[in-house]
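First to last, the protein sequences are chains A and B. Its first residue numbered 1, the first sequence is counted upward by one per residue in the working numbering. Its first residue numbered 1, the second sequence is counted upward by one per residue in the working numbering.
I should point out that these hints are in silico values taken from the structure, not numbers from a laboratory. Don't take each hint at face value.
Derived list of chain A stretches under chain B, where covered just means 3 residues or more per stretch with a C-beta under 8 Å from a C-beta of chain B [stated by the list, open to error]:
id : segment
1  : 214-220
2  : 249-256
Selected chain B positions facing chain A (Cβ under 7 Å, derived; list incomplete) [unchecked claim]:
id : residue
3  : Leu57
4  : Gly76
5  : Gln84
6  : Phe106
7  : Gly167
8  : Leu169
9  : Ala171
10 : Arg174
Result set (DMTMM-like, lysine to aspartate or glutamate): computed pairs, CA atoms no more than 20 Å apart in a straight line [said to hold, decoys possible]:
id : chain 1 : residue 1 : chain 2 : residue 2
11 : B       : Lys104    : A       : Asp94
12 : B       : Lys104    : A       : Asp86
13 : B       : Lys108    : A       : Asp197
Even glycine gets a Cβ: it sits at the ideal position worked out from N, Cα and C.
This is what each chain is made of:
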Amino acid sequence: MNMPVAKAEVLVSAAPAPTKPAKVLPIRLKRAPLKTRLVTFASTVATRMLPPAIVIALSLVAWELLCGKTGATLPPPSRVINDAWDLIVDPFFDNGGLDKGLFWHLSASLQRVALGYALAAIAGVALGTLVGQSVWAMRGLDPIFQVLRTVPPLAWLPLSLAAFRDGQPSAIFVIFITSIWPIIINTAVGIRNIPQDYRNVAAVLRLNPLEFFVKIMVPSAAPYIFTGLRIGIGLSWLAIVAAEMLIGGVGIGFFIWDAWNSSHISEIIVALIYVGLVGFVLDRIVAGVASIVTRGTAAN
Amino acid sequence: MGAYCKIDHVDKVFSRGAAETCVLKDITFEVEKGEYISIIGHSGCGKSTLLNIVAGLTPATQGGVLLEGREVNEPGPDRAVVFQNHSLLPWLTVYDNVRLAVDKVFSKSKSRAERDAWTLHNLDLVQMTHAKDKRPAEISGGMKQRVGIARALAMEPKILLLDEPFGALDALTRAHLQDSVMALHQKLGNTVMMITHDVDEAVLLSDRIVMMTNGPAAQIGEILTVPLARPRKRMELVADAAYLKARQRVLEFLYERHQYVEAA
Numbered sequence: 001m002n003m004p005v006a007k008a009e010v011l012v013s014a015a016p017a018p019t020k021p022a023k024v025l026p027i028r029l030k031r032a033p034l035k036t037r038l039v040t041f042a043s044t045v046a047t048r049m050l051p052p053a054i055v056i057a058l059s060l061v062a063w064e065l066l067c068g069k070t071g072a073t074l075p076p077p078s079r080v081i082n083d084a085w086d087l088i089v090d091p092f093f094d095n096g097g098l099d100k101g102l103f104w105h106l107s108a109s110l111q112r113v114a115l116g117y118a119l120a121a122i123a124g125v126a127l128g129t130l131v132g133q134s135v136w137a138m139r140g141l142d143p144i145f146q147v148l149r150t151v152p153p154l155a156w157l158p159l160s161l162a163a164f165r166d167g168q169p170s171a172i173f174v175i176f177i178t179s180i181w182p183i184i185i186n187t188a189v190g191i192r193n194i195p196q197d198y199r200n201v202a203a204v205l206r207l208n209p210l211e212f213f214v215k216i217m218v219p220s221a222a223p224y225i226f227t228g229l230r231i232g233i234g235l236s237w238l239a240i241v242a243a244e245m246l247i248g249g250v251g252i253g254f255f256i257w258d259a260w261n262s263s264h265i266s267e268i269i270v271a272l273i274y275v276g277l278v279g280f281v282l283d284r285i286v287a288g289v290a291s292i293v294t295r296g297t298a299a300n
Numbered sequence: 001m002g003a004y005c006k007i008d009h010v011d012k013v014f015s016r017g018a019a020e021t022c023v024l025k026d027i028t029f030e031v032e033k034g035e036y037i038s039i040i041g042h043s044g045c046g047k048s049t050l051l052n053i054v055a056g057l058t059p060a061t062q063g064g065v066l067l068e069g070r071e072v073n074e075p076g077p078d079r080a081v082v083f084q085n086h087s088l089l090p091w092l093t094v095y096d097n098v099r100l101a102v103d104k105v106f107s108k109s110k111s112r113a114e115r116d117a118w119t120l121h122n123l124d125l126v127q128m129t130h131a132k133d134k135r136p137a138e139i140s141g142g143m144k145q146r147v148g149i150a151r152a153l154a155m156e157p158k159i160l161l162l163d164e165p166f167g168a169l170d171a172l173t174r175a176h177l178q179d180s181v182m183a184l185h186q187k188l189g190n191t192v193m194m195i196t197h198d199v200d201e202a203v204l205l206s207d208r209i210v211m212m213t214n215g216p217a218a219q220i221g222e223i224l225t226v227p228l229a230r231p232r233k234r235m236e237l238v239a240d241a242a243y244l245k246a247r248q249r250v251l252e253f254l255y256e257r258h259q260y261v262e263a264a
C-alpha cells in the first residue's frame, strides 16, 4: 500500500530534470478489507434470503402442527420426508416402466412442453404479425381468436385424441393451443403499436417486407412479443400436468395421478414442489431471454 | 425544361367519412438545385403535410411533385427526411442507424468496406464519430438530431427534407446545430427544403422563404428571397440591414397580415 506513494515522491523530486518525462503512476483505489466486504456480502444475502426462509420455516411448523394430529387427512412434512425419501434423494433411478425417478418424469413433460411451446411461438408470432399488420386479417380472425382463447385447455384433449389417435401428439397439441393465444394477441398489439416514425423511416429507405419484418417489426414489438411468450410458457406448464393425468405414460402429470391412485400422498406433495420449481425456472428463463433481447428497445 | 424540383398545383384534402377538410390549396413553387428553401407558417397550416407530400409519405389529392422531371409518388432515399423527433431506431447503435440506410441505398454500388467508410464519413460530418457505439437513449437530443442528419445525408438525397429539425431542442443547442447545418450546406451544396416556425432560423438559413397563409385551405402567401451572401455569420447578421429587413417582412406577414387563429 505504501509503495506507490514513496515512488511518486521520488519522481516529484526528480521532476526538474528536463530530459526525463514524468511517469504517470496509476492511483490504486483502496479496496475495502476482506472482512468488511464479507460482512456486506453476508448482509445482502441475509436481506434477500432471510424473509423467505423465515416464512417457509413458519409454514412448515404450522403444517406440521396441523397435520401431525391423529386423524389428519394429509401427511405432515416429517412424514413426507420419511415416506418419499427415495424420491427426494435420487431423482435419476429407472426401474423400467413407470417406476422412474422424478427427473425422468419431468424431462418427459418438458419435452412435450418444449415441442408444443416452440410450435406455438412460431405460429403465434406469425399469426400475431398478420393480425397486427392487416386490418382485414384482424377483422376476420380476431373474433375467432377471442372466442377460442377462452376454451379451457383440457376441453381440447378429447378432440385432439380423436384427431391424432395417440396420447403424445394430443398432449403436444393441447400445449400448443393453450399457449398460442397470448402470443398471438400480444404480438398483434406490439405490431400495431409500432410508431409511425419507424414506418416512415422504413418507407424512406424502401425496406422490402422481409427487411421491414426483421429490422423494424421484430425489434420494435419485441417487448410485447416476450410478454406473450412469458404468459404462454406459464400456461403450457399449467396445461401439461392436467393433460398428462388423462393421457398417461411417463410424465409428471401422470406420476401425480398414479400416486393418487396408489394413495402415496407424500409423493404427490414432493411432485408438486418439483412442478412449482420447474415452472418458476421456465418463467425465469423466458424473462431472462427477454431482458437480453429487448435491452435496447425499452428505452427511447 | 422545368425546374430541379417543382411542386405543381398541389391540393390536399383529408376526408373522414363525409367530412372533408381542405388543408392545402393550389401550392406551386420551384426549388433550384443547391437552394436552401424554408417553408414557414403558423402551426396547423399544413406545412408538415406539404413536406410529407414531397417526401411521398402522403399522396397529394390534386397536382403533384416533380423531381428532376420525374413525378414523385412514393417515398424514397432520393428525398431523405430528417424527422422532427429524430426517429432513430432505439435498438440500434448510432453507427448501425446510419449503416442501415447506407446498406440499403448502396447495397450494390459500394463494397462492404466502402459502406463502412461512408457511414463513418457521414458521422464525421456531423461530429458524431465519438458516439458511434452508443444507443440513441444514451445521447442528448441535439446529438440524436445530428445522427438523424447524418443518416439523411448518407443517402445522398437529391433533396434533403427537414421537418422542423430543431423544434425539440433548447435554444443554445439549436443555434449550434443551425450553424452545423449551414456549414454542411455550404460544403456539400445540397438542395434543402426545411419546415420551420422560427423566423430567425428561416432568415438565417434560407435562400428563399415560402410563407404560408393560415389553414384550412392554406396557400402560399408570399415567397421572399433572402439577399444575403454566404457564408453567413450569425453575429455579423444581427445588425445587417438586409437581414433585419427580411426578418421584418416575415414577421409582418405572420403577425399582422396572417395572425394565428387559435383553434379555428
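Status of the hints after comparison with the structure:
Note: the segment 214-220 of chain A has 4 residues with beta-carbon separation from chain B under 8 Å; the three-residue rule is met and the coverage holds. Given a C-beta distance limit of less than 8 Å, the hint that chain B covers the segment 249-256 of chain A is violated, as 0 residues qualify and 3 are needed. Taken as an interface hint, B:Leu57 checks out: its beta carbon lies about 6 Å from the nearest beta carbon of chain A, inside 7 Å. Because the closest C-beta pair between B:Gly76 and chain A is about 6 Å apart, less than 7 Å, the hint holds.
Restraint check, B:Gln84 versus chain A: the minimum CB separation of about 9 Å is more than 7 Å; hint violated. Interface hint at B:Phe106: violated, since its Cβ lies 12 Å from the closest Cβ of chain A, which is beyond the 7 Å cut-off. At its closest, the beta carbon of B:Gly167 sits 14 Å from a beta carbon of chain A; the interface hint therefore is violated under the 7 Å criterion. Below 7 Å, beta-carbon pairs count as interface contacts, and B:Leu169 has none with chain A, the closest being about 17 Å; its hint is therefore violated.
Restraint check, B:Ala171 versus chain A: the minimum CB separation of about 24 Å is more than 7 Å; hint violated. Interface hint status for B:Arg174: violated, as the beta-carbon distance to the closest one in chain A is roughly 20 Å, over 7 Å. A C-alpha spacing of about 58 Å is found between B:Lys104 and A:Asp94, which places the hinted pair above 20 Å, so the restraint is violated. Annotation: proposed proximity of B:Lys104 to A:Asp86 is violated, straight-line Cα distance about 63 Å (limit 20 Å).
In summary, the hint linking B:Lys108 to A:Asp197 is not supported, as the alpha carbons are separated by about 27 Å, beyond the 20 Å threshold.
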